[in-house]
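Visitor: Add chain E to chain D, keeping to what the hints say.
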Amino acid sequence: MENEGRRKFLGVCVAGCTVAAAAAAGYPVLRYLAPRSGQGGAAKLVIPAGELKEGDAKFFEFAGSSAVLIKTNSGQLVALSAVCTHLGCIVQWVKEKQQFLCPCHGGQFSTDGTVLGGPPPRPLAKIPFTVTEGNITIG
Amino acid sequence: MLNRLYRWLDLRYGIGEIAEKELTGYLLPRNINEWYSLGSVLLVIFAIQVVTGMLLMIYYVPDADKAFKSVSFIMNEVPFGWFIRLCHAVGSNMMVAVLLLHMFSTLMMGSYKAPRELNWVTGFTLFALVQGISLTGYLAPWSQLSFWATTVATNSVSAIPVLGPTLVEFLRGGKLVGPATLGRFFALHAAVLPVVIAALIGAHLFFLKRTGISAPPFGKDETANPFEAREYHYQGHPGGIPFFPNYALQDLSSISIYFAVFLAVVFFWPNMPFTPDAFVPADPFKTPAHIKPEWYFLANYQTLKIFPSELLGLSVQAAAMTFLALLPFIDRSPERHPLKRPLFLTLVIAGILLWIALSVWGHLS
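Line order of the protein sequences matches chains D and E. Going left to right, the first sequence walks through residues -1 to 137 as this note's numbering numbers them. Going left to right, the second sequence walks through residues 35 to 399 as this note's numbering numbers them.
Each hint should be verified, as a subset may be incorrect.
Said to hold, decoys possible - Now the in silico label distances, taken between C-beta atoms and shown as ranges:
hint, chain 1, residue 1, chain 2, residue 2, range
1, D, GLN96, E, ILE92, 38 to 48 angstroms
2, D, ALA123, E, VAL95, 50 to 60 angstroms
3, D, VAL10, E, GLU54, 23 to 33 angstroms
4, E, ILE92, D, GLU49, 29 to 39 angstroms
5, E, TYR40, D, GLY115, 47 to 57 angstroms
6, E, ARG218, D, THR128, 52 to 62 angstroms
7, D, SER64, E, VAL95, 17 to 27 angstroms
8, D, LYS51, E, PHE204, 54 to 64 angstroms
9, D, ALA18, E, ILE364, 42 to 52 angstroms
10, E, PRO310, D, VAL92, 25 to 35 angstroms
11, D, LEU31, E, GLU256, 48 to 58 angstroms
12, E, LEU39, D, ARG29, 38 to 48 angstroms
13, E, VAL95, D, ARG29, 42 to 52 angstroms
14, E, MET306, D, ARG29, 20 to 30 angstroms
To be verified - Derived pair list, reagent style SDA-like, types lysine to any residue, alpha-carbon separation capped at 25 angstroms:
hint, chain 1, residue 1, chain 2, residue 2
15, D, LYS6, E, THR309
16, E, LYS103, D, SER35
17, E, LYS103, D, LYS124
18, E, LYS374, E, LEU398
19, E, LYS243, E, ILE49
20, E, LYS100, D, CYS15
21, E, LYS103, D, TRP91
22, D, LYS93, D, VAL113
23, D, LYS6, E, PHE277
24, D, LYS124, D, VAL113
Hints in this document: simulated from the structure, not taken from any laboratory. Nothing here was measured: the structure is a model prediction, and the numbers come from that model. Backbone N, C-alpha and C define an ideal beta-carbon position, used for all residues, glycine too.
Chain E extracted, bound-state conformation:
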């Protein structure tokens, strides 16, 4: 039956040719490693976020008077509502964590170097957008945590000279966080950002397909970037391993490991994405003590606190983000092996340690 269906489709659309080109004929470097499967894991996470988000929209009401009640209803009354919501809330944290790992591997293997500059730039923009979609979604439950975390996060924009206060008001839809903020954040979270993210994922994959996958710099004597800017050249890997079944199995293993960790958090650590303030409806007249952002914003939050002026804190962060976004255009050396790039390796390790230290400090302060 399946064979007949395959033949029917193949005769009309030549799907065998596509399968041959994209699956069995798509050759990957022989020394490819597990880190390369994180992109597939991220695609799965994004798909889960989209599906669970659509399911949540069935019962969620984006109205300041009803949002908290509707989320409580999903959690307590709707069969498996708690499961769908936890998958969405835990999934957003996981997406940031896996994105960080994906970027870390790209950094360490020097895969951002020419001709893959735009792969990095689109990836880095995706990272910023994922943080944006997490921030806008954070307000949706309209809890004390959502309300005050959004107040603090949007307030930091006011440090921008001249335009700051106007920008904050524009962002919030009013002087303070209120029902107007929920409306615009929900539209951004559920309509605008998912479409932009999906489009950028498309661009990211397009660049990947056109440049060809990079070979890891490990296990070879020659580790310099082979790219020469003369004419367009697809980097193929003759004699490499086929994507299907070899690397598809690696993708499947990584996705399975991801699911094991993800579901372990959903079932055994369901309070991971929440603090006690997440279970209290938003009260604009009662600021809770010690309101903290999500773990991935803790370093930014602490940076803002340690600088004497907020503007300076924001500028340092903007400079660091710009440096990272434009890294492929700054670091132009052909060498890709991390051990042959001591300055780069030192900077990466120091940067990661600084980020961890600031996050811990932000958490404890």
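Next up, chain D with everything else stripped away, as it sits in the complex:
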């Protein structure tokens, strides 16, 4: 009986040490593998308004993801996430039709991001921006 108790105590000690060792080895590995902070790109981005003609779109990296700025034929500026809400492909701008098309599964979005057709469940996310002295500040 005394041996049983000692065996159990030793077992608990070995298990405890194993867990502690696994945590001590696992923490550095997790930190090593974790995406580094500050790698997501700028939180604010300035684009000169003159760079964009009416009916054109400009794709850029914003906050670690892909975004697009368009100037509609009517001269209205819109900034949207370029990531399709279906399965994460990057939408393409179809200038002739003035709409976005996702080449992966045919999702279509209007200039304000609304779903026009295809499988996307949600509209493209809007990104805030301001226009001051001929510069468009995204974010």
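Guide: This is chain E only, laid out in the frame that chain D set:
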């Protein structure tokens, strides 16, 4: 919960039977000693090398223009990158050191003798391959140390008559060490050699399982090798101690001691694997003074220097390596106790002293 999982598996795959056969029913000689646990330590070291190597590959770039920068990035920018890299660099040194101890114990206890000739041959080949994987990995950081140590090491092959210069060029992928060398050395280091080493470890363990573990020649009156070449016979140890829990605990103790030494070097002697040239990017036009190989190549390096011709130096080393590799086929006496083999013991001690002396000489010269 664990019991239910065990029962579920046992009903389907009979894991209880395997555990009984390989763990509690696997009997080892009663006079087994600590030296027998070095194989388990080596398996752990190899596993650590594989894991840390995979982790390093996430950030390391095997391109001559980017390799040094990527290693500096790992060391200075990536969280715990220094730790992963030091584990890999120190681990490679430790693997050679523990391998030497493992081979030393096998020599002293005469465990290489029949029927275990191939256990020795695969083990000795593993030793050569571990040196090869260390050498090819040495170039990876693309530092002055890596570059010039590789230049010197590959250059020694040129001493081989007729084929030498062609072999060196083939090895380097060009006339001199350069980006092509890094490409082929990296492929050898990270893809070819690990697979070959893993396969040979498999063969080594297969031979061990089929012959059965040898009994140490100590603490018994009869120390001669009991093997008789008549028919296949597994050397069991009836009445011996079970591998689990008895010897598993010894393995665990040895592995813990190894970790204590290994981590002490990683944390308190982090510059052990490096010289100042390891922190300078490779410059093919600037040879640093006093470039030296790793400690385990110092004896080879000094041997090459003391002979008047490089070919002679290489031939002596090749002869010594061949002699050691084929030892079980040369030393066929059944006696295994070192004190009952005075000539053998003298040769082993003289060989070790010579190796140490050459290494120290190589270090100081």
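Visitor: In ascending order, which of the hints set out earlier in this document are inconsistent with the structure?
Guide: 2, 10, 12, 13, 15, 17, 18, 20, 21
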